[in-house]
Amino acid sequence: MDYEKLEQAMVSLDEPTVLEMMNAVAGGEGDATLALEACTKGLEAVGRLFEEGVYFIPDLIFCGEVMTQATEIVKPLLASGGDKSLGKMILCTVKDDMHDIGKNIVKALMEAVGFEVLDLGIDVAPETIVQTAKEQGVKIIGLSGVLSLAIGSMRETVLAFEAAGMRDQVKIIIGGNPVTAATCELVGADEWALSPHKGVQVCKAWAAEF
Amino acid sequence: MDPNERRAQTEQNVRDLINHREPKKVPSSLNIEAGWGLMYAGVKWTDVEDDPETFARAYTKAHREIPIDIGGGPTRTSLRPAHALGNYMFVYTSDGGGIVHNQAADRYLGPEVYDEIITDRAGLMDRFGRMNNPAFLKPRAEAVEAVRNAAKAQLIANQTSALISKICREEIGMFSMYGFDFGSPGFYYGYTGEFWTFYDRLRGPQMALSDLRRYPDKVQAACDFLYEQTKARVVYDEESMKQEMPFGSSMFHPESYFSPAQFDNFYFKNFMEIMLPVMEAGKKVFLYGEGAFMKHIDRFRETPKSSMIIVLDQDDPFEAKKRVGDWCTLVAGPKAELLQLGTTQQIKDFVKRCFDELAPGGGYIFALGNGLIAAKDAPVSGIVTAYETAYELSTGGKA
Ligand code: B12
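Protein chains in written order, with my numbering: chain U, 1 to 210; chain E, 1001 to 1399.
Any given hint might turn out to be false.
What the hints assert, rightly or not - Pairs of lysine to aspartate or glutamate, DMTMM-like flavour, derived with a Cα cap of 20 Å:
id: 1; chain 1: U; residue 1: 84; chain 2: U; residue 2: 96
id: 2; chain 1: E; residue 1: 1322; chain 2: E; residue 2: 1302
id: 3; chain 1: E; residue 1: 1269; chain 2: E; residue 2: 1224
id: 4; chain 1: E; residue 1: 1348; chain 2: E; residue 2: 1065
id: 5; chain 1: E; residue 1: 1218; chain 2: U; residue 2: 59
id: 6; chain 1: E; residue 1: 1044; chain 2: U; residue 2: 96
id: 7; chain 1: U; residue 1: 84; chain 2: U; residue 2: 37
id: 8; chain 1: E; residue 1: 1061; chain 2: E; residue 2: 1171
id: 9; chain 1: U; residue 1: 75; chain 2: U; residue 2: 51
id: 10; chain 1: E; residue 1: 1295; chain 2: U; residue 2: 51
id: 11; chain 1: E; residue 1: 1242; chain 2: E; residue 2: 1016
id: 12; chain 1: E; residue 1: 1025; chain 2: E; residue 2: 1357
id: 13; chain 1: E; residue 1: 1295; chain 2: U; residue 2: 52
id: 14; chain 1: U; residue 1: 5; chain 2: U; residue 2: 51
id: 15; chain 1: U; residue 1: 5; chain 2: U; residue 2: 20
id: 16; chain 1: E; residue 1: 1218; chain 2: E; residue 2: 1238
id: 17; chain 1: E; residue 1: 1295; chain 2: E; residue 2: 1264
id: 18; chain 1: E; residue 1: 1242; chain 2: E; residue 2: 1228
id: 19; chain 1: E; residue 1: 1295; chain 2: U; residue 2: 59
id: 20; chain 1: E; residue 1: 1218; chain 2: U; residue 2: 14
id: 21; chain 1: U; residue 1: 41; chain 2: U; residue 2: 14
id: 22; chain 1: U; residue 1: 204; chain 2: U; residue 2: 191
id: 23; chain 1: E; residue 1: 1348; chain 2: U; residue 2: 185
id: 24; chain 1: E; residue 1: 1218; chain 2: U; residue 2: 15
Rather than coming from a laboratory, the hints here were simulated on the basis of the structure.
Please build the complete structure, drawing on both the sequences and the hints.
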């Protein structure tokens, strides 16, 4: 199996080649873990190319879809269902907001780099997030939202962690269109990102700290 | 002030500023949808929906009390017509105070639509319409009854809308930049990109955007086909092309996500082909820019100077001013997020900065870019602070 070719196919968003090669891996022509690693490297490169203005949102959405399919193909071969070495993180769209295209892109990337993503879905109440973090011992929280009112819901979520006495046990990153450095400060989150690539880097660094 | 007088003054200010002359007063604009307007009045949507007079009075309370010169486009006033047809794409919020898009009810079609729209456009649209309005799939008698109920509800909704326009225009003296509403007559030109049909309707946003990668040739062929049909329908009437108002119009939806090549291909080149003759004849064009589109904004330098009015949504207005402020009018101001979480002083400072940096030389209308839709979008206190500060800065007096 030519893993470099697989990585390149991912970078150039060549869906037929990626799927063909992953099917070959599933058929015994290679190692599933190495193949997924190659896809992930490709995907991270796509994230960087997005930041550099070479790729655009449609490309990111497409890339997430290709990655999800690639993972599905070899999943049965992976004992633990894939690399989850970075531990758990929560990801969701905040209360009263039902947009999830951005969140789904971020999820595909986070899973690809080794997070076990607890995707709580859309319109998720602060209490649910706090409760899940408590029960499952999750320390990294990713909040997504694109409506103006999502900023208020993000703030409420941060306050709910404070009220539960858990604020200093978790790291919170917010993302979505209305998010800026200024909103991050108003919300009281630890970090913010519009680029999923930056989000991944931040969460990886946090996972290494914990 | 007499409402007619007030409207005439705003109209003159708008004429001045879009031609890059400093107006006597920088006008303020706000697009209030019914959910926010009714919340302001303390009225529940579902309680007043069947009563045009009460609905219109309650909804326009904010317009009467907050200093707004320019109003937004038509607002949705009722869900009953759609619900009568079994279409639940929009539903009431659980407290009955507003409405939301209900994603669970979205029905999209497969990628075959790109071919099908070329071979059988009418059939495809009919199929899509029935899928989203399931009443049409019922036995004839039931379907007829549903249509009758929808029509009745639509009549009430139309009365409400007409009343809102009348109050805004005749009692408050507001001015509208949109082509249709507040009873403004006249010929109207507009262009929206063909890809909308797939993004907003047939395929849904996520699938349509990835189709740009997965089926580029099919998407291209389908959009080209639709564009040819659009172009064939455009008729230029010399007299109405020269009239500044009502403005021509355009709107972004998927456009902010395009790469520069896609932007050109699926929007800008067609926009220019259809709208340039209109602008060259002296007509202005109003663009409701949705999303963050700074990467495309320089393209509007290719339009004739002082012919475009661009509403900014998520972009930084100061950066936009640097790029195109001497060429196009910008409709911009604080974001709802600042009004939610900022202090009164932070809001005032931001509004002042808008007047200091955006207003000189004309080409500026003060507005909350993305408008007010849901009750929680911005608190009343934040809106009042922003618009009263804008009023003071533009008139030197207290609101
Ligand atoms: C697609 C869309 C919809 C779809 C959503 C489909 C879906 N499954 O998500 C539908 C049609 C259902 C919809 C519904 C509504 N929508 Co809408 N919608 C949009 C639209 C066109 C695109 C949003 C989007 O998906 N962007 C693409 C993604 C990829 O971008 P993103 O979310 O910002 O994510 C990126 C980054 O921010 C980042 N990111 C995102 N999350 C996170 C999280 C973390 C942790 C990190 C690190 C990074 C990160 O990664 C992504 C990749 O770069 C925008 C307009 C626009 N251009 O923004 C309006 C928009 C967001 N919608 C809007 C509105 C008002 C609504 C409705 C309320 C309409 C109504 N009256 O009912 C409803 C909302 C119902 C609700 N309660 O949520 C407004 C919001 C206005 C405001 N400021 O509040 C917008 C801005 C349109 C407008 N200008 O009026 N919408």
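### Hinted pair residue 5/U and residue 51/U, Cα distance within 20 Å
This hinted pair is violated, its Cα atoms lying about 23 Å apart.
### Message
Check whether the Cα positions of residue 41/U and residue 14/U lie no farther apart than 20 Å.
### Response
holds (14 Å)
### Task
Could you grab the alpha-carbon distance between residue 1218/E and residue 15/U and see if it respects the 20 Å cut-off?
holds (17 Å)
### Query
Between residue 1044/E and residue 96/U, is the straight-line Cα distance small enough, at 20 Å or below?
holds (18 Å)
#### Entry: Given pair status - residue 20/U, residue 5/U, alpha carbons within 20 Å
holds (12 Å)
### Message
Can you confirm whether the C-alpha distance between residue 84/U and residue 37/U stays at or below 20 Å?
### Response
Cα-Cα ~12 Å, so holds.
### Query
Taken at face value, is the distance from the CA of residue 191/U to the CA of residue 204/U at most 20 Å?
holds (13 Å)
### Query
Are residue 1269/E and residue 1224/E close enough, with their CA atoms no more than 20 Å apart?
holds (12 Å)
### Message
For a C-alpha distance cap of 20 Å, please report whether residue 1242/E and residue 1016/E respect it.
### Response
holds (17 Å)
### Message
residue 1218/E and residue 59/U were given as a pair; does the straight-line alpha-carbon distance stay at or below 20 Å?
### Response
holds (17 Å)
### Message
What's the verdict on residue 1025/E and residue 1357/E, does the C-alpha distance respect the 20 Å limit or exceed it?
### Response
holds (15 Å)
### Query
Within a Cα-Cα threshold of 20 Å, do residue 1348/E and residue 185/U meet the stated pairing?
holds (19 Å)
Going down the numbered hints, you'll see the structure goes against 1, 9, 14, 16, 18, while the others check out.
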